[in-house]
Amino acid sequence: MRNYITIATLLAGLAIATHCVNVHSSNGDGITDDTACINTAISSGGRCGQGCGSSTIQPALIYFPPGRYRVSSPIIMYYFSQLVGDALNPPTIVAAPNFSGMAVLDANPYGAGGNNWYTNQNNFFRQVRNFVIDLTLTPTNSGATGMHWQGLSTIILINLTSMTINAHVLIHAVSQATSLINIRFVMSRALGTNQKGVFIENGSGGFMSDLKFEGGQYGLQIGNQQFLSRNLEFDGCDTAIMMIWNWQWTFSNLLINDCRVGIDMTASSDIVNSGVGSILFMDSTVSNTGSAVRLRLNTAPNVDDTSNTLLLDNVILQNVINAVVDMNGGTVLPGGSMTIAAWGRGSRYTDDSGNVAFATADLPPVNKSPLLLGEQGRFFVKSRPQYEQLGVNDFASVKAGGAMGDGVTDDSTAIQNVINANVNSKVVYFPAGSYVISKTVTVPPGSRIIGELWSVLMAGGPQSEFLDENNPLPMLKVGNPGDVGTVEITDLFFASKGAQPGAILVQWNIKQSANGAACMWDSHFRVGGFRGSELTDHDLDVNEGQISIYTGRGIVVGATDGPVW
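Start counting the sequence shown at 108; every next residue gets the next number (our numbering).
No lab work stands behind these hints, which were simulated from the structure alone. Keep in mind it's a predicted model, so treat the numbers as computed, not measured. Please note: incorrect hints may appear among the correct ones.
Unchecked claim - DMTMM-like mimics (lysine to aspartate or glutamate), calculated; alpha carbons at most 20 Å apart, straight line: (1) K319 with D377; (2) K533 with D517; (3) K546 with D575; (4) K546 with E572; (5) K489 with D365; (6) K489 with E595; (7) K533 with D575; (8) K533 with E495; (9) K584 with D517; (10) K475 with D668; (11) K584 with E595; (12) K489 with E340; (13) K584 with E572; (14) K546 with D501; (15) K533 with E595; (16) K533 with D501; (17) K489 with D517; (18) K546 with D513; (19) K319 with D342.
Stated by the list, open to error - Between beta-carbon pairs, the in silico distance windows are: (20) N587 with L244: 52 to 58 Å; (21) S179 with Q570: 40 to 46 Å; (22) S151 with P173: 19 to 25 Å; (23) L387 with A528: 42 to 48 Å.
The C-beta atom is built at its ideal place from N, Cα and C for all residues, glycine as well.
Whole structure, please, built from the sequences with the hints as guidance.
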């Protein structure tokens, strides 16, 4: 096997529990019940489970080789875990006919009295990628669910040019680091099935991409404060997305085909017109579907009620009966085969008076810079690399180059040497650990860098050059001013060790040579609140006595010709 996780397993140091489910006697034959073995692989090593609340230590990467893993009860995803399947041949997790439980994969189980294992707003540090979840052996009316993904948040930065991110930032809670990537959900297509792909009932924000839902009552049955979902495909679902509540949700690059309803946002509320605050539905295609979107009511709400706001931006319809209907079936926007450039329903502000007018109408076209666009006038997007086509010899470990990653040793010189030696060559790999950096490390054009379970780059150390707030310096300098080229950075934490008032965690100077050439994925900026940071925000403490660390500033953008995404 040549995928990234296999490489990570081979190269990893001892700072992380890297578990292969096969080591724990899982068969992966689709016949034997593998539930207990998989849960043992996840929970081994004193992990943060029920009653723990949260942890920034004891992480684990659980690798699933290709195969069919049959389960009869939920796979419990412990805190600070990555569940990763083979990227070239994703494994299938099959729900047995007698499956019983909340979901095949449960990220926040309910215990006695209806209490979750983890507080949903603080349910951090999780990633699931490269799987097929198959519910078709369960009865069509069993209500089987592929995944319970609750209370998770993330920060994703892509396509950055000339920006500075300082250690002075105001961090309200730690970096939250969660994502679902490259997962296929297979459900019954029988009439009246109540199977579901992903269920989210609450929480504070998140990210999911590159998911496919086949069949089922709902592909997604979801509610959350704020969320971004992109590159989702729905085929043959009764309702692709059932939105039970939100503050705001952005859907981008969706492909909805052969469904009765695309997005249902008819959920009620005891306080306002709808429990669904707003949805931005953009750069997407709906085909062979009854209604692309269902609203609650097609009447003007109270002037103070902005719920059930809908914006359509560059949505292609192909053989769709109605673009938008209300909950009673009344046509709000007719369908057909067309492109909806910009249309909205909700409260509209047209000047600086503060006065609002309710509108259901076509909207002026959105002014979009050509620098930000890809095909079909859509915003350019690019999924995170997994380097699954590369072999072990295509990676250069910083530990093999002398870095320790122990949170104590100054690794600045070793890291710089490994990066310099592999420009336009190998992918620089950071095994899981905490790498102390006392002086600026420069990432030249032509560099590719990947961590493991969010490897931590920490500004600090006895010889730290980041102590003078009047002379701030970057810990990681990505290119020099004027550089043009390619850079890829994935799966890292940027942090500080103790007070570093002159630290700029990342200074991004490089300009992309083409769309998507200079990118960063699943990388997060975390100041304080974790073991070894020597700064405490108490957000993850049991009593949550303080939830803020006060610092100077967040992101400083200095680009003149962009894009900065």
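Kindly indicate which numbered hints from before are broken by the structure, ordering the numbers from low to high. 1, 2, 5, 7, 14, 17, 21
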